[in-house]
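Input sequences plus hints: build the corresponding full structure.
If you're matching positions, the sequence shown starts at 1 in my numbering and goes up one per residue.
Incorrect hints may have been included.
[To be verified] Pairs of lysine to any residue residues, derived as SDA-like cross-links and limited to a Cα-Cα distance of at most 20 Å, are as follows: (1) K33 <-> L9; (2) K33 <-> T90; (3) K33 <-> G65; (4) K33 <-> T53; (5) K33 <-> S93; (6) K33 <-> Q45; (7) K33 <-> P75.
To be clear, the hints were calculated from the coordinates, so they are not data collected in a lab.
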Amino acid sequence: MDQSCTSFLQGNLNHCAAAQDLFLQSMVELGVKVAVVSEPYYVAQRSHWKGDTLGLVAVIVSPMGMAITLRERGPGYVMVDWGPCTVVGTYFSLTSRFGISKALLET
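Here you go:
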């Protein structure tokens, strides 16, 4: 895979259906190969989507490109293999209590 030709997109969708639709359309229009979204409206049950255990973050790849394989996931994180690359998506709420946030960082 030619890494120089890989485009990447990230965003917080704030659990908004319209934002998710626009994000996915932008992926197509911009030719984005891989994306990480936090607070998606939903995590699609498709082979080119992988999400954490709480639905707070997801990695999405183009369905026309290389497949992704779930390596590990838990509350607030997902790790996938995408060809020779490992992609990690994380979600960390700044509004959560510090004790909870510290526990997430230590996992």
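Status of the hints after comparison with the structure:
1. K33 <-> L9: holds (8 Å)
2. K33 <-> T90: Status holds; Cα separation ~18 Å.
3. K33 <-> G65: holds (7 Å)
4. K33 <-> T53: violated (23 Å)
5. K33 <-> S93: violated (26 Å)
6. K33 <-> Q45: holds (18 Å)
7. K33 <-> P75: violated (25 Å)
The structure fails hints 4, 5, 7 (numbered hints given earlier, in ascending order).
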